[in-house]
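Undergrad: Listed below are the residues making up each chain.
Protein chains: 2
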Amino acid sequence: MPTRRANAPKGHRAAPDCGTLRRLKPDTSRTVYDGRLFDVTLERWGEHEREIVEHPGAVAVVAVDREGMVALVRQRREAARKELLELPAGTLEGEEQPLESARRELAEETGLTGGTWRELAAFYTTPGFCRERMHLFAAEGVEHGSASPEADEELELVRWPVHDIADRLGEIEDAKTLAGLLLYLRETV
Amino acid sequence: MPTRRANAPKGHRAAPDCGTLRRLKPDTSRTVYDGRLFDVTLERWGEHEREIVEHPGAVAVVAVDREGMVALVRQRREAARKELLELPAGTLEGEEQPLESARRELAEETGLTGGTWRELAAFYTTPGFCRERMHLFAAEGVEHGSASPEADEELELVRWPVHDIADRLGEIEDAKTLAGLLLYLRETV
Numbered sequence: 007m008p009t010r011r012a013n014a015p016k017g018h019r020a021a022p023d024c025g026t027l028r029r030l031k032p033d034t035s036r037t038v039y040d041g042r043l044f045d046v047t048l049e050r051w052g053e054h055e056r057e058i059v060e061h062p063g064a065v066a067v068v069a070v071d072r073e074g075m076v077a078l079v080r081q082r083r084e085a086a087r088k089e090l091l092e093l094p095a096g097t098l099e100g101e102e103q104p105l106e107s108a109r110r111e112l113a114e115e116t117g118l119t120g121g122t123w124r125e126l127a128a129f130y131t132t133p134g135f136c137r138e139r140m141h142l143f144a145a146e147g148v149e150h151g152s153a154s155p156e157a158d159e160e161l162e163l164v165r166w167p168v169h170d171i172a173d174r175l176g177e178i179e180d181a182k183t184l185a186g187l188l189l190y191l192r193e194t195v
Numbered sequence: 007m008p009t010r011r012a013n014a015p016k017g018h019r020a021a022p023d024c025g026t027l028r029r030l031k032p033d034t035s036r037t038v039y040d041g042r043l044f045d046v047t048l049e050r051w052g053e054h055e056r057e058i059v060e061h062p063g064a065v066a067v068v069a070v071d072r073e074g075m076v077a078l079v080r081q082r083r084e085a086a087r088k089e090l091l092e093l094p095a096g097t098l099e100g101e102e103q104p105l106e107s108a109r110r111e112l113a114e115e116t117g118l119t120g121g122t123w124r125e126l127a128a129f130y131t132t133p134g135f136c137r138e139r140m141h142l143f144a145a146e147g148v149e150h151g152s153a154s155p156e157a158d159e160e161l162e163l164v165r166w167p168v169h170d171i172a173d174r175l176g177e178i179e180d181a182k183t184l185a186g187l188l189l190y191l192r193e194t195v
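As they're listed, the protein sequences go chains A and B.
So the first sequence is residues 7 to 195, counted in this note's numbering.
So the second sequence is residues 7 to 195, counted in this note's numbering.
Isolated chain A (complex conformation) (with noise of 0.2 Å):
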């Protein structure tokens, strides 16, 4: 998952269309970090500021190959220091839709194609304090091909069969990671 923004504009983006829940707006808005990979923005509400980092959105693949086997990425994360094991993921770019993005991140990261799609949920990261929203999706029935990682990924391709996943959750140490294989395990096995 390249933390890097590709397209995405610099400017403050709409918050995405997703529910019937009550639409809020502040008050007043203004960047105060112009950073290379992301914003950060502090908005006035009433009486109090949000200090908001800026993030196009993202998306996650649990994806399942013929054989039964789940893919995982193992990366270098430099922000926890240390490796993870990690759900393919990544940024939407510029104007992508969020299926295309999980595709192109899916096969760029593990060479994996092909298959049966579904949305298994969306969420917020860390609504606390980022604008991420996560695009979570399943694929069954992908099929082996070659990889393409961004130059600044290291990542080893892990291969899980589903039926350990229920015993190897504690090697999980990813919040989309641990929602991800719950949910289809929940909704699959």
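Because the hints were derived from the structure by calculation, they are not lab data.
Quick caveat, the model's predicted, so the values are computed rather than measured.
Certain hints may be false.
Identical copies look the same in the list; a pair holds intra-copy or inter-copy alike.
To be verified - Calculated pairs, DMTMM-like style, for lysine to aspartate or glutamate (alpha carbon to alpha carbon, straight line, at most 20 Å): (1) 88 / 57; (2) 88 / 146; (3) 31 / 102; (4) 88 / 33; (5) 88 / 53; (6) 31 / 106; (7) 88 / 101; (8) 88 / 160; (9) 31 / 159; (10) 88 / 55; (11) 88 / 49; (12) 31 / 89; (13) 31 / 160.
We have chain A; now place chain B onto it with these hints.
TA: Frame of chain A, contents of chain B only:
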């Protein structure tokens, strides 16, 4: 069980031992944004830069009372531009230990105290760009009291029967809450 490396040319490092946490550190690191709620650090790792949101860590609680009701809080999430239904949660303060912090946050946000506690998991919420590590607890048999939320928190306590959780996961749009409820169901129901 690693099967193959995804990017052969760049992956010259040795594969990590399974389950061993290889410690890593950047070549250089500097604060590029000194914020009100969080800072941003720019780290250099060889040829690559990483922009990282600094975060002290966090806690979340699946709290179930003696009537078998799980406690959720509905609150305005400015970053999401809507209200979300989430597990009681909060940020580690000072030298607080995670369990101590979780008990404090639960009491402040919901008035619930006591009960039998255990840690369900610990995970990074967004390891691609943020340091936040979250400790997730289950607290069973908690007792009702008076809440005392922060001045800038507008919280509504929502109670669901534990046995309704599985059918209502579609109402949850927050990663930690999905992961927490699913882990709890898996271990308990």
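Undergrad: Each hint needs a verdict: does it hold in this structure or not?
TA: Against the structure, the hints:
1. 88 / 57: Between copies, since 16 Å is at most 20 Å while 27 Å is not.
2. 88 / 146: neither (30 Å within a copy, 33 Å between copies)
3. 31 / 102: neither (25 Å within a copy, 34 Å between copies)
4. 88 / 33: Classified as between: cross-chain Cα gap 15 Å, same-chain 40 Å, threshold 20 Å.
5. 88 / 53: Classified as between: cross-chain Cα gap 18 Å, same-chain 39 Å, threshold 20 Å.
6. 31 / 106: Answer is neither; intra-copy 29 Å and inter-copy 34 Å both fail.
7. 88 / 101: For residue 88 and residue 101, neither the intra-copy (32 Å) nor the inter-copy (23 Å) Cα distance is at most 20 Å.
8. 88 / 160: Only inside one copy: residue 88 and residue 160 sit 13 Å apart there, 36 Å across copies, limit 20 Å.
9. 31 / 159: between (36 Å within a copy, 16 Å between copies)
10. 88 / 55: between (33 Å within a copy, 16 Å between copies)
11. 88 / 49: between (33 Å within a copy, 14 Å between copies)
12. 31 / 89: Answer is between; shortest inter-copy Cα gap is 12 Å, intra-copy 38 Å.
13. 31 / 160: between (39 Å within a copy, 16 Å between copies)
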